[in-house]
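**Student:** With chain B's structure known, arrange chain Z on it following the hints.
Number of protein chains: 2
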Amino acid sequence: MNIGFIGSAGHWGYALKQVNNHKVAGIAPGHPGENMEGMKKSLSDLGVEVVAYENYMDLLAQIEVAVVASRPDLNASITEECLKRDIYVFSEKPLAITMEQLDKLREVQKNSKAFVSAMFGMRCLPWFRTMKEALPAIGTIRLLNGQKSYKLRTRPDYYKKQETFGGIIPWVAIHALDWIYAMTGLSVNRIDAMTNNEYNRDHGDLEMTSICMFELEGGVLASVSADFYRPVPAKTHGDDRLRIVGTEGVLESIDGVVKLIDKDGERELPLLAAEDVFEQFLRRTKGEDVGVSSEDSFYMTEVALKAEASALKKKENISK
Amino acid sequence: MNIGFIGSAGHWGYALKQVNNHKVAGIAPGHPGENMEGMKKSLSDLGVEVVAYENYMDLLAQIEVAVVASRPDLNASITEECLKRDIYVFSEKPLAITMEQLDKLREVQKNSKAFVSAMFGMRCLPWFRTMKEALPAIGTIRLLNGQKSYKLRTRPDYYKKQETFGGIIPWVAIHALDWIYAMTGLSVNRIDAMTNNEYNRDHGDLEMTSICMFELEGGVLASVSADFYRPVPAKTHGDDRLRIVGTEGVLESIDGVVKLIDKDGERELPLLAAEDVFEQFLRRTKGEDVGVSSEDSFYMTEVALKAEASALKKKENISK
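As they're listed, the protein sequences go chains B and Z.
Per the working numbering: the first sequence ends with 320, consecutive numbering throughout.
Per the working numbering: the second sequence ends with 1320, consecutive numbering throughout.
It should be emphasised that the hints constitute simulated quantities derived from the structure, not laboratory data.
Among the hints, a few may not be true.
Stated by the list, open to error - Below, a list of computed lysine-lysine pairs in the DSSO-like style, where the Cα atoms sit at most 30 angstroms apart:
| no. | chain 1 | residue 1 | chain 2 | residue 2 |
| --- | --- | --- | --- | --- |
| 1 | Z | Lys1263 | B | Lys160 |
| 2 | B | Lys306 | Z | Lys1314 |
| 3 | B | Lys235 | B | Lys263 |
Next up, chain B with everything else stripped away, as it sits in the complex (with noise of 0.2 angstroms):
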């Protein structure tokens, strides 16, 4: 297929594997100024010499897949592009960052023959898909915990305004509220959260810490911390886990390391392989059930929005 790259922020990493199975027809920034550099340096180390194109509506006429990842605020216009024109996209998370963006790309796609799948990677890999097959050892899941915990460094100044970033909920949580629905696929009945942008080190309205509540059907209730505290020393970028409990047993990742506690006590699994979340999601552009649905990219992103909209309302309430 003819591949198309439009902006160079998160993960468009995810899509170097398959470059050499096809073509890339071109890269482009999503908005002017943004560095493409590191990413024509990337795409040439794997032997692909790419066209740059200044305007990324220049590219639109040669490709039939967009990985799209720009800054947060116009992911869902180039998106919006895209499907307009059929292309597939497979896009950084969230889609959107207000409920009126993600609105409209729901009716754009609903006229188009493309849709767009969230780069929810994680899914893909091996600590992810070992909890998976072994949920049945844990009988009915009533409680989930996750935690996302990233390194701050320095951000880009898009992180620096809600405005253009969208919130630590829809950027760093999200990956966390898309394991506890890809593992339960039980929708969310009740959403809670709070957020602190307090001590960010300079870095404006940025969230540094945040914690959400679900109630999800069933009764089931979930929690997600994430925060960019992680320090710059800890051996891996993100404390990424997940903790699932069930009415016969306990499940968890952390580090990587997946536990099971069961009626057979307590053991470490075996891990699964790693899968490759852009392969699935070409092999999904022809038809197969496979990788993550355009449905599933959608409500999450809903979901995080509401629970960043139910966090910002709360500092609302105080302030007044």
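**Tutor:** Chain Z alone, transformed into the frame defined by chain B:
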């Protein structure tokens, strides 16, 4: 000092290490039919033969200190009777299971020469003391995540009614609320919680899962997850955890092991020795500023009751 034991539920065992340094004037059930045989045997094993009273009111004239650990709904009124007679009370947590009970207890204490202190014995454990001592390494605290997970096994009937038990938050999660408060000293500005009592293995009202979310002074966020689903084969009764995220590092305890990540990297901390919570309580009755204060005991009970009320209120809204 002359010590009396009233009721045989919960953590009265905390007092056993001190019984040979003082006089046990007697033991009594908190309500007719409460089985005191196990306590009698534990004391006898330590060489302490006790007078067993049928009615605790008959014991009160003999004692200066009461170890109160009967049914959750009765502890407040037992404590009241003690405080009215200037008897110091080492009480099971929560001090009360309704705000009415708690307010009355506060009034009674105002007119007493004695005080009540809650059995927050986990403050004396090696992991807790080690984390507290290490706090300066992590800078300003911004986020805390606590976890309690207990084995259910089969619980006495009083667990099966909200009116006699009081709920999973005042009874289980309260420990983690106390850790958070004892670590930070920060009061709670905002409380939100969810609980669920389905799949509770014929335990009536008993809630099996809960999540609490708090905003503390200064915008510090905290979450607590508590459940009764720990599988019986697990190596410990409770899976207690606390994670404290600061501006300069992260401190964490899992399985009693304390880890620190800060500017110097990741490492396990050597554990401080345990302390004796009841010995501290006895010193506190002599005016020393040691152990769990009455103020903390009242405050943590209040926070737990408000969190439980927040969760129950949501359910009312759902059923409407």
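**Student:** Holds or violated: Z/Lys1263 with B/Lys160, Cα cutoff 30 angstroms?
**Tutor:** holds, 24 angstroms
**Student:** Between B/Lys306 and Z/Lys1314, does the CA-CA distance stay at or below 30 angstroms?
**Tutor:** holds, 18 angstroms
**Student:** Is the straight-line distance between the alpha-carbon of B/Lys235 and that of B/Lys263 30 angstroms or less?
**Tutor:** violated, 33 angstroms
Hint 3 alone, counting from the list given before, is not met by this structure.
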